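J.: Chain order of the listed sequences is A and B. Under our numbering, the letters of the first sequence match residues 1 to 325, in that order. Under our numbering, the letters of the second sequence match residues 1 to 259, in that order.
In short, the hints are calculated from the structure, not lab data. Values in this document were obtained by computation on a predicted structure and should not be read as measured data. Each hint should be verified, as a subset may be incorrect.
Stated by the list, open to error - Here are the simulated lysine-lysine pairs, DSSO-like style, with alpha carbons at most 30 Å apart:
1) Lys270/A with Lys132/B
2) Lys134/A with Lys114/B
3) Lys270/A with Lys72/B
4) Lys3/A with Lys132/B
5) Lys114/B with Lys270/A
As the list claims (entries may be wrong) - Okay, the calculated beta carbon distance ranges per label pair:
6) Leu126/A with Lys19/B: 35 to 43 Å
7) Asn58/B with Leu152/A: 56 to 64 Å
8) Lys114/B with Lys134/A: 40 to 48 Å
Unchecked claim - Computed from the model, here is a short list of chain B residues facing chain A with C-beta under 10 Å:
9) Ser70
10) Ile74
11) Ala75
12) Val78
13) Leu81
14) Gln83
15) Lys85
16) Asp90
17) Tyr99
18) Tyr102
19) His104
20) Leu105
21) Phe107
22) Met151
Quick reminder that beta carbons are idealized off the backbone N, C-alpha and C, glycines included.
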Amino acid sequence: MRKSAVLIILILLSVISFFLSVGIGAVKISPVDIVRSIFYEQDSVNYQIIWNVRIPRTITAALVGISLSLSGAILQGVMRNPLASPNTIGVSSSAGFSALLILILFPNYYNLVPLGAFLGALLATLFIYSLSYKNGALPTRLILAGVAVSSLFSAGSNGLMTFYPDRVHGVINFMVGGLSAITWKDINMILPYTILGIMILIFLPNRLNILILGDEIATGLGVNVERTRLIFIILSSILAGSAVSVVGLLSFVGLIVPHMTRMFIGSDYKYLFPGSIFFGASVVMICDTLSRVLFAPAEIPVGVIMSAFGAPFFLYLLRKKEVMK
Amino acid sequence: MKMEGKSLYGKYGDKLVLKGIDIKIENGEIVTIIGPNGSGKSTLIKILSRCLKPMSGNVFLEGVDITKISTKEIAKKVAILPQVKNVSYDITVEGLVSYGRYPHLKFGKRIGEKDLEIIHWALEKTALTNLKDRYVNTLSGGERQRAWIAMALAQKPEVLFLDEPTTYLDISYQLEVLELVKELNESLGLTVIMVLHDLNQAARYSDNIYVLKDGEIFQYGRPKNIIESKLLKDVFRIESNIYTDEVNNCPYFIANKII
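All chains, full assembly: derive it from the sequences and hints.
T.: What follows is the structure in structure tokens.
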């Protein structure tokens with residue numbers, strides 16, 4: 001019962017975050033006006049602002065939050081490691097490297113950056129998986145291979161930036177993660193994958209619950225461990241890859257949001273998945289709103305806000321609740 | 001015949017640890033695998049319970065090669081209690097036991113009335129009904145092991161694998177676990193295949209014992225044919241005196257010195 005209550009609170013939080021994110025900005029629009037102008041007054045100025053500028057950005061923020069936190073929640077379970085996150089399977093560094101490669105070496109094809117980042121993330125994941133496969137892919141080997149491959153890609157990125165210092169400027173927004181200049185077109189890059197992820201995960205919470213008990217216990221309960229692990233890893237890399245391709249390297253969400261959700265709602269994936277969906281969406285929507293209004297008219301990348309507020313809050317929770325075993 | 005392994009070869013890392021094992025387990029038996037460290041007993045039980053693939057050879061469940069049956073179908077008949085297991089900090093005894101119903105649930109289906117009945121039965125069988133709402137993490141070692149056994153029971157298995165179920169437990173908990181296993185074997189006709197370190201316990205609780213040495217079966221048979229000074233010398237490198245435990249009607253030994 002208590003868990004359902006927490007879930008309802010998280011759902012409410014995400015609704016409130018949505019209206020805050022759409023309503024707050026250079027022009028303030030009340031929730032009532034938001035609803036009215038979307039459904040009734042489609043020729044108003046508010047409608048233009050809301051529909052063409054604010055809503056695409058807010059929805060993207062929500063989808064990015066959902067994708068990254070689901071991805072992290074999956075990986076922390078599959079790897080049985082609280083430090084696992086999209087970074088662990090090389091998604092971030094490989095997506096970053098592919099994006100840099102395009103931005104620096106082929107700047108004329110900059111509109112291929114999302115696709116390149118997405119493919120880079122997927123390929124790196126499969127590469128890491130096959131590297132660590134030896135009579136089965138054990139979680140520890142996956143993590144170690146992930147760390148090694150990640151640092152390889154990071155080295156590649158740093159190398160590129162050293163050789164082309166003059167072209168680095170356009171890249172920074174990607175490296176820290178930002179949601180400025182998002183349009184409806186960007187949503188198409190992420191929406192199908194987020195929906196796919198949610199659809200699949202609705203049916204699989206127990207399989208992940210069981211995988212956490214250990215490989216042999218899971219086998220004993222009739223779970224095909226290797227296949228399940230591969231499916232989950234690919235799914236989480238698709239989720240994180242699509243998010244990174246739209247907003248850049250927003251690494252904090254995938255690591256911290258699943259942990260915070262776990263502190264609120266427990267570690268049962270029946271609740272953790274929906275909890276991560278609504279909390280992840282809320283966190284990114286709120287942080288993006290802050291990134292627009294705190295130093296308006298200047299805008300700070302949302303990744304910076306997220307770390308600045310999220311990390312201390314997370315540390316506070318960590319001290320208060322001893323559940324991180 | 002309940003289970004059978006035919007000419008099993010197996011590796012641990014890069015080392016060949018099983019060199020052609022043939023093993024047969026009859027329906028309703030308690031069979032224990034013993035052997036010194038590195039003899040391959042853990043690898044053998046992992047291969048028999050499909051947690052590890054053999055390099056060559058086959059495992060049969062009721063005459064059918066287990067690679068021909070889906071792992072979920074096997075899980076309806078075979079339960080495993082391995083050495084390595086994890087629980088989240090906030091999983092309750094009843095929650096853990098309910099996972100035992102997983103192989104019987106259809107895709108996407110939740111636990112039903114009948115499953116709940118079986119879960120409660122498993123809790124009762126393992127004397128955990130009073131503890132069902134406790135977090136598994138807060139239980140004593142013996143209670144925790146009973147909770148895992150309850151989870152296995154909720155599978156309604158015909159065969160139960162136990163890999164060193166008494167390791168790290170106090171002596172009273174060791175007996176408690178083995179007595180429970182024995183009781184389940186007698187009352188449910190459960191076939192039990194386990195690895196034990198303590199040879200006297202193996203002698204007391206087993207119908208048949210397989211002795212492994214260097215990846216091969218050194219000998220198998222009834223406990224009284226296994227607990228012998230020559231075998232203990234040849235396999236375990238100890239000199240021992242053999243006695244008979246009149247109460248439990250089984251042999252036992254006291255190790256005197258290393259050879």
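J.: Decide, hint by hint, whether the structure agrees.
T.: For each hint, the structure was consulted:
| no. | hint | in the structure |
| --- | --- | --- |
| 1 | Lys270/A with Lys132/B | holds (20 Å) |
| 2 | Lys134/A with Lys114/B | violated (41 Å) |
| 3 | Lys270/A with Lys72/B | holds (21 Å) |
| 4 | Lys3/A with Lys132/B | holds (19 Å) |
| 5 | Lys114/B with Lys270/A | holds (21 Å) |
| 6 | Leu126/A with Lys19/B: 35 to 43 Å | holds (36 Å) |
| 7 | Asn58/B with Leu152/A: 56 to 64 Å | violated (42 Å) |
| 8 | Lys114/B with Lys134/A: 40 to 48 Å | holds (42 Å) |
| 9 | Ser70 | holds (8 Å) |
| 10 | Ile74 | holds (7 Å) |
| 11 | Ala75 | holds (3 Å) |
| 12 | Val78 | holds (7 Å) |
| 13 | Leu81 | holds (8 Å) |
| 14 | Gln83 | holds (8 Å) |
| 15 | Lys85 | holds (5 Å) |
| 16 | Asp90 | holds (5 Å) |
| 17 | Tyr99 | holds (6 Å) |
| 18 | Tyr102 | holds (5 Å) |
| 19 | His104 | holds (9 Å) |
| 20 | Leu105 | holds (8 Å) |
| 21 | Phe107 | holds (7 Å) |
| 22 | Met151 | holds (8 Å) |
Checked against the numbered hints given earlier, the structure breaks hints 2, 7 and satisfies all the rest.
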